[in-house]
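Participant: Use the sequences and the hints to build the structure in full.
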Amino acid sequence: MELRGLPAAPGVATGPAWRYRHTDVRGTPLPDVRAAADRASAELLSLADRVRALGRNDEAEIFDAQAMMAVDPMLLDEADARVASIGTADPDALAAAVEAVARAVAETLAALPDEVLAARAADVRDVGSRIARIVAGREIALPDRPSIAIADDLPPSVTAELPPGALLGIALERGSPVSHAAILARGLGIPAVVAIGGLLASVDAAERDRERAGGDGTPGPLIVGLDGESGTLVLGPSAEQLDALERRQQRRRAQGAIARELRGRPGMTADGIAVPLLANIGRPEEAARALEAGAEGVGLFRTEFLFIGRSDAPSEDEQVAAYAAVLRAFGRDRPVVIRLADIGGDKPLPYLHQAVEDNPFLGVRGLRLCYEDRSLIRTQVRAIARAGAAAGAVPHLMAPMVSTFEDVTMLREIVAEALASLDGAGEARADQLVVGIMIEVPSAALCAAELAAEVDFFSVGSNDLTQYVLAMDRTNPRLAAVADALHPAVLRAIRATVEGADARGIPVAVCGELAADPLGAAVLVGLGVDELSMDAGALDEVRLMLSRVTVPALRELASAALAARSAAEVRASAGALVARDAPAGGR
Amino acid sequence: MSTAIEVDIRNPSGLHARPAAVFVKAASGFRAAVRVANVTTGSADVNAKSILAVLSLGASSGHRIRLSADGDDEDEAARFLAEIVAAGLGEASAKDAAGSETAACDPAT
Chain A
0 MELRGLPAAP
10 GVATGPAWRY
20 RHTDVRGTPL
30 PDVRAAADRA
40 SAELLSLADR
50 VRALGRNDEA
60 EIFDAQAMMA
70 VDPMLLDEAD
80 ARVASIGTAD
90 PDALAAAVEA
100 VARAVAETLA
110 ALPDEVLAAR
120 AADVRDVGSR
130 IARIVAGREI
140 ALPDRPSIAI
150 ADDLPPSVTA
160 ELPPGALLGI
170 ALERGSPVSH
180 AAILARGLGI
190 PAVVAIGGLL
200 ASVDAAERDR
210 ERAGGDGTPG
220 PLIVGLDGES
230 GTLVLGPSAE
240 QLDALERRQQ
250 RRRAQGAIAR
260 ELRGRPGMTA
270 DGIAVPLLAN
280 IGRPEEAARA
290 LEAGAEGVGL
300 FRTEFLFIGR
310 SDAPSEDEQV
320 AAYAAVLRAF
330 GRDRPVVIRL
340 ADIGGDKPLP
350 YLHQAVEDNP
360 FLGVRGLRLC
370 YEDRSLIRTQ
380 VRAIARAGAA
390 AGAVPHLMAP
400 MVSTFEDVTM
410 LREIVAEALA
420 SLDGAGEARA
430 DQLVVGIMIE
440 VPSAALCAAE
450 LAAEVDFFSV
460 GSNDLTQYVL
470 AMDRTNPRLA
480 AVADALHPAV
490 LRAIRATVEG
500 ADARGIPVAV
510 CGELAADPLG
520 AAVLVGLGVD
530 ELSMDAGALD
540 EVRLMLSRVT
550 VPALRELASA
560 ALAARSAAEV
570 RASAGALVAR
580 DAPAGGR
Chain B
0 MSTAIEVDIR
10 NPSGLHARPA
20 AVFVKAASGF
30 RAAVRVANVT
40 TGSADVNAKS
50 ILAVLSLGAS
60 SGHRIRLSAD
70 GDDEDEAARF
80 LAEIVAAGLG
90 EASAKDAAGS
100 ETAACDPAT
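Going down the list, the sequences are from chains A and B.
Note that numbering that gives the first Met the number 0 has the first sequence beginning at 0, numbered continuously upward.
Note that numbering that gives the first Met the number 0 has the second sequence beginning at 0, numbered continuously upward.
Hints in this document: simulated from the structure, not taken from any laboratory.
Here chain A is said to cover these stretches of chain B; the calculated rule only asks that three of the stretch's residues, wherever they fall, bring their Cβ under 8 Å from a Cβ of chain A:
no., region
1, 6 to 17
2, 46 to 59
Straight line, CA to CA, 16 Å or less: simulated EDC-like cross-link-like pairs of lysine to aspartate or glutamate:
no., chain 1, residue 1, chain 2, residue 2
3, B, Lys24, A, Glu60
4, B, Lys24, A, Asp63
5, B, Lys24, B, Glu82
Cβ atoms here follow ideal geometry from the backbone N, Cα and C, with glycine treated the same way.
Facilitator: Here's what the structure looks like:
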């Protein structure tokens with residue numbers, strides 16, 4: 000039986016299912032909430048050290064913060080008050096009281112409008128459970144052999160606490176790819192699938208079937224196969240399914256080793272043509288991960304994080320700090336492309352006073368905000384120019400949602416206004432700004448040559464371009480399978496973009512998900528795209544793919560793709576080329 | 000008697016995550032009782048030595064907070080905490096970004 004969820008950490012695993020429950024084993028209770036909190040805090044600090052020793056500083060901070068929460072005066076005062084009111088020293092009652100207090104605090108955080116703070120709610124609940132476990136003397140029943148964890152949700156503190164190698168994979172009924180559980184799984188290299196609807200009920204049923212079929216002897220544990228790339232979990236896989244998963248696991252290991260060796264080298268085809276590989280980032284903190292993965296720059300620095308989830312616009316100084324941090328991290332030789340705020344009516348901001356739109360994806364968004372008021376974007380351009388001076392780098396800026404020639408004229412005016420106002424005020428600024436536009440609207444792709452005369456570079460946003468070319472909402476799950484960026488119509492739009500850029504000698508990058516898919520990357524380079532920008536996690540695989548193919552082979556692939564009738568035909572020919580160049584025995 | 004100071008939060012991520020932990024650890028180092036309120040959202044004032052209470056203020060960059068301290072070292076506590084908030088709580092602030100490094104950067108760029 001195969002269950003579907005969301006891929007949360009890459010990799011493949013097969014092995015026995017281990018049900019995570021924390022009520023199985025009884026130890027010695029510690030009916031003193033404050034003493035239990037101290038012990039919980041010490042345990043969390045040692046988890047932080049352990050994760051830090053693996054070089055995962057960001058993940059270690061989750062546990063540092065939890066260690067502070069465990070001995071938080073507000074939490075403990077409320078727990079004391081609750082314990083006093085129930086007037087009992089029964090460990091189970093005390094444990095229940097601590098958990099209830101932690102849940103109440105977690106709900107306060109979960110109710111805040113800020114999604115980062117809301118994510119902390121799960122951390123607080125986890126701290127409450129840990130203290131309660133110590134008070135009641137409950138212990139987690141550890142798996143007796145390396146296993147795949149099956150749970151409703153698995154707190155990161157439990158994942159980190161298990162001995163290394165004990166967890167082959169993680170399958171969760173709840174959770175999301177951005178939860179701490181998923182982040183830690185990726186950090187530790189444990190494949191994970193989350194948000195698997197009906198997981199626990201299906202596993203219960205499969206285990207019951209095994210017991211019934213087992214007859215006299217005790218049946219072994221249920222075997223499961225987990226695929227952290229496609230987001231699937233197979234319960235009781237057949238011999239063929241197991242075999243296929245194990246082969247993929249081996250191939251992944253071999254490829255991982257080769258890909259790691261290539262790290263630090265620039266993206267290059269087998270015949271020596273450089274294809275710079277850059278990272279997409281959404282916050283300054285992600286710069287370190289991108290550098291570690293060998294990014295040759297940032298091809299897309301999304302700046303929405305500065306603008307959303309707040310009641311007023313970010314100040315110019317605050318923006319300067321954020322942009323300069325990333326420019327500094329990448330230094331002078333690795334470009335950083337800062338995208339102007341891509342904001343629209345789908346996520347209205349309280350301080351923009353936007354009118355309600357029937358069709359926000361076709362409405363006033365991205366650069367179109369400047370049709371009504373240029374001040375927000377002008378401030379952003381000023382901040383980018385100042386950040387360039389602060390970091391001693393040449394910033395690249397890029398405008399989203401450009402659809403007409405007038406848009407480009409307006410962009411140039413805004414940049415000129417911003418620079419003139421800085422000079423007027425005597426503010427230090429970068430001497431030079433490299434100004435580009437995103438190509439994500441069909442009209443911009445079709446008129447690329449005219450637009451190319453006015454800007455320094457193009458960057459194709461393949462996600463939006465796909466949705467606009469195919470007229471398919473990419474957030475609609477019923478269209479997800481057909482809204483394929485490898486559709487020949489999307490590729491023809493990209494080809495038109497490249498031809499327009501070539502006429503004026505400006506470079507073309509692609510910064511959508513298509514660039515992160517090795518098949519997509521192969522087709523894009525064949526189409527004449529100069530640079531690829533993607534999530535840092537995809538760099539290894541794309542770098543490896545490029546190292547095995549030649550530009551003439553990619554051009555041939557691109558010609559076939561442009562002439563194809565469907566995305567499926569494109570995928571078939573790209574798959575054949577990319578697989579043919581894989582090492583022997585690696586299928 | 001007690002001392003109260005208002006200060007604007009300037010660091011990009013506000014009183015979240017690491018900056019909040021820096022703030023709470025600093026507050027915990029004083030004998031005085033220290034309380035903090037989010038003036039921008041009109042929150043109640045809470046114990047500044049509690050990470051959970053401080054997070055619950057939802058204090059973002061650009062918000063104004065009020066610090067009040069009561070006890071032996073109240074003046075020093077309020078002044079010191081206001082200073083570290085203004086300095087960005089260890090997170091890169093706009094001032095750092097535009098400050099000394101500008102002078103240090105190569106004139107050729």
